Amino acid sequence: MKILILNGNPSGAKGDMDRYIDRLSEKITSAGHDAQVLVLRDMKINSCIGCFNCWVKTPGLCSIKDDAREVSRQYIVSDHVIFCSPLIMGFVSSLLKNTMDRNLPLIHPHLEDLDGEIHHKKRYDKYPVISFLLEKEACTDDEDIAIATDIFRRQAINVRTSLGFVRLTQSPVEEVLHAINIH
Amino acid sequence: MQLTFINGSPRPAKSNTGRLMEHFIRGFLETAGNNCETEVLARHRKNLPALAEKFASSEKVIIGFPLYVDAMPGSVKEFIEALEPLTGRKNLPALGFVVQCGFPETAHLRFVARYCEKLARRLGCQPLGSILKGGCEGLDVQPDFLTAKYFSSFYAIGAHFGKAGNFDETLIKKLAHPEHMKAENMLQLIPFINQGLWDAQMEKNKVLDKSFDRPLLP
Numbered sequence: 001m002k003i004l005i006l007n008g009n010p011s012g013a014k015g016d017m018d019r020y021i022d023r024l025s026e027k028i029t030s031a032g033h034d035a036q037v038l039v040l041r042d043m044k045i046n047s048c049i050g051c052f053n054c055w056v057k058t059p060g061l062c063s064i065k066d067d068a069r070e071v072s073r074q075y076i077v078s079d080h081v082i083f084c085s086p087l088i089m090g091f092v093s094s095l096l097k098n099t100m101d102r103n104l105p106l107i108h109p110h111l112e113d114l115d116g117e118i119h120h121k122k123r124y125d126k127y128p129v130i131s132f133l134l135e136k137e138a139c140t141d142d143e144d145i146a147i148a149t150d151i152f153r154r155q156a157i158n159v160r161t162s163l164g165f166v167r168l169t170q171s172p173v174e175e176v177l178h179a180i181n182i183h
Numbered sequence: 001m002q003l004t005f006i007n008g009s010p011r012p013a014k015s016n017t018g019r020l021m022e023h024f025i026r027g028f029l030e031t032a033g034n035n036c037e038t039e040v041l042a043r044h045r046k047n048l049p050a051l052a053e054k055f056a057s058s059e060k061v062i063i064g065f066p067l068y069v070d071a072m073p074g075s076v077k078e079f080i081e082a083l084e085p086l087t088g089r090k091n092l093p094a095l096g097f098v099v100q101c102g103f104p105e106t107a108h109l110r111f112v113a114r115y116c117e118k119l120a121r122r123l124g125c126q127p128l129g130s131i132l133k134g135g136c137e138g139l140d141v142q143p144d145f146l147t148a149k150y151f152s153s154f155y156a157i158g159a160h161f162g163k164a165g166n167f168d169e170t171l172i173k174k175l176a177h178p179e180h181m182k183a184e185n186m187l188q189l190i191p192f193i194n195q196g197l198w199d200a201q202m203e204k205n206k207v208l209d210k211s212f213d214r215p216l217l218p
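The listed protein sequences correspond, in order, to chains A and B. Going by our numbering, 132 is the number at position 132 of the first sequence; the sequence numbering is gapless. Going by our numbering, 218 is the number at position 218 of the second sequence; the sequence numbering is gapless.
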């Protein structure tokens with residue numbers, strides 16, 4: 001399996017996220033998978049400006065020339081993508097959310113009825129399973145995790161895949177590896 | 001009553017959020033003595049702490065944005081992160097949201113609305129709730145009878161807010177219709193949007209034959 005880890009931690013040294021990702025990618029590689037880590041804060045990723053050029057001018061390609069295209073390119077050939085971020089004000093970092101927004105070229109503007117709800121059509125045949133690895137902030141409570149998880153589940157539907165798992169950096173790395181293996 | 005409307009549209013020149021809120025603000029200003037300032041987030045991105053201070057000194061704040069991948073756009077999340085130092089400060093404004101999306105069903109917006117409500121509580125702001133409206137992509141190309149309906153609802157919600165300082169539940173609920181769509185209605189609407197909105201633009205740009213291209217495959 002090709003597993004893409006997107007490190008959306010905006011401040012490297014602070015907290016456990018970076019060290020956790022190091023240990024996780026080692027474990028994933030030892031388990032025989034192909035692990036790739038992209039450190040988003042070291043890449044140039046602008047915000048989506050909602051121009052829709054990726055749908056109506058250059059179908060499948062964003063007009064903003066920066067590193068987001070490389071993220072999308074790696075994303076679409078992966079079997080499983082793990083979005084990693086500390087919770088900041090109860091949600092993933094703006095660094096990670098900007099990156100997620102820039103994956104819009106991967107889906108198609110056309111709408112269809114998907115189990116009784118309107119969603120966008122697929123552009124590609126296959127999309128990776130998406131999962132989330134989060135680090136709690138001081139004020140994180142169960143309600144925050146529930147709200148974020150419900151949004152992640154919705155995001156998975158809209159990027160035409162399923163939500164693999166949501167785990168906190170408090171969980172042992174082995175548990176996350178197990179969650180990857182069963183998907 | 002003083003209101004600051006923060007327009008979080010990443011596309012402020014052609015902002016559907018802004019167009020809807022113009023009508024809200026028109027209604028809000030009907031009450032004598034009310035004043036409203038609009039701040040366009042896209043113009044403050046290099047100095048978010050200053051916008052956060054503007055937020056803190058307001059009486060009421062409404063943050064508006066379009067739904068991006070089932071949540072707030074990344075640029076709006078940047079602003080939310082800039083609000084973190086205000087957490088728990090005294091006399092923060094009452095805080096409400098307006099969130100719109102292209103999907104016709106309001107059900108898509110319910111998840112981020114829960115986040116918004118929690119955000120208001122997290123900051124220590126009195127939560128005003130969220131005004132949610134689906135079916136808002138391409139407001140310029142939608143038939144006038146539809147947009148007139150949206151605009152008059154926003155006007156009425158704004159007028160009530162201007163008098164009472166809260167979002168009227170009945171009006172908000174009416175605006176949120178349809179929560180889900182019946183299969184037969186979807187069947188009618190989907191081709192209208194696919195061809196009328198998206199294919200028409202691709203055709204104009206002479207790329208309709210490339211519509212389903214997969215340029216990122218190896």
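Keep in mind the hints are simulated off the structure, nothing from the lab. Misleading hints may appear alongside valid ones.
What the hints assert, rightly or not - Reference listing, derived: stretches of chain B covered by chain A, where coverage requires no fewer than 3 residues with Cβ under 8 Å from a Cβ of chain A:
no., segment
1, 6–19
2, 68–81
3, 104–117
4, 176–187
5, 205–214
What the hints assert, rightly or not - Here are the simulated DSBU-like pairs of lysine-lysine, each with C-alpha atoms no more than 30 Å apart in a straight line:
no., chain 1, residue 1, chain 2, residue 2
6, B, Lys204, B, Lys163
7, A, Lys57, B, Lys174
8, A, Lys44, B, Lys90
9, A, Lys57, A, Lys27
10, B, Lys204, A, Lys122
11, A, Lys14, B, Lys182
12, A, Lys122, B, Lys210
13, A, Lys57, B, Lys14
14, B, Lys14, A, Lys44
15, A, Lys14, B, Lys204
16, B, Lys46, A, Lys126
17, B, Lys204, A, Lys65
18, A, Lys57, A, Lys14
Since we're looking at a predicted model, the values are computed, not measured. Ideal placement from N, C-alpha and C gives every residue a C-beta, glycine not left out.
Going through the hints against the structure:
Counting residues of the segment 6–19 of chain B whose beta-carbon sits less than 8 Å from any beta-carbon of chain A gives 3, enough to reach three: the coverage restraint holds. By the rule of at least three residues with a Cβ nearer than 8 Å to a Cβ of chain A, the coverage given for the segment 68–81 of chain B holds, with 12 such residues. Closer than 8 Å: that is the beta-carbon criterion, and the segment 104–117 of chain B has 8 residues meeting it against chain A, so the requirement of 3 holds. For the segment 176–187 of chain B, the proposed coverage by chain A is satisfied: 5 residues have a C-beta within less than 8 Å of a C-beta in that chain, meeting the threshold of three.
Counting residues of the segment 205–214 of chain B whose C-beta sits closer than 8 Å to any C-beta of chain A gives 7, which meets the bar of three, so the coverage hint holds. Only pairs whose Cα atoms come within 30 Å are accepted, and B/Lys204 paired with B/Lys163 is rejected, the gap being roughly 46 Å. Between A/Lys57 and B/Lys174 the CA atoms are separated by roughly 36 Å; this puts the pair beyond 30 Å, and the hint is violated. Proposed proximity of A/Lys44 and B/Lys90 is contradicted: the alpha carbons are some 37 Å apart, above 30 Å.
The suggested pairing of A/Lys57 with A/Lys27 is violated, with an alpha-carbon distance near 42 Å, which exceeds 30 Å. Between B/Lys204 and A/Lys122 the CA atoms are separated by roughly 22 Å; this keeps the pair inside 30 Å, and the hint holds. At most 30 Å may separate the alpha-carbon atoms for a hinted pair to count; A/Lys14 and B/Lys182 exceed this at roughly 49 Å. With a C-alpha separation of about 14 Å, the suggested pairing of A/Lys122 with B/Lys210 holds against the 30 Å cut-off.
A distance of roughly 17 Å separates the Cα atoms of A/Lys57 and B/Lys14; the hinted pair therefore holds under the 30 Å criterion. Between the alpha carbons of B/Lys14 and A/Lys44 the distance comes to roughly 26 Å, so the proposed pair stays at or under 30 Å and holds. A threshold of 30 Å between alpha carbons decides the hint, and for A/Lys14 with B/Lys204 the separation of about 50 Å lies outside it, so the pair is violated. Straight-line distance between C-alpha atoms of B/Lys46 and A/Lys126 comes to about 38 Å, which puts the hinted pair past the 30 Å bound.
A threshold of 30 Å between alpha carbons decides the hint, and for B/Lys204 with A/Lys65 the separation of about 23 Å falls inside it, so the pair holds. Note on A/Lys57 and A/Lys14: the hinted pairing is violated, with a Cα-Cα distance of about 41 Å set against a maximum of 30 Å.
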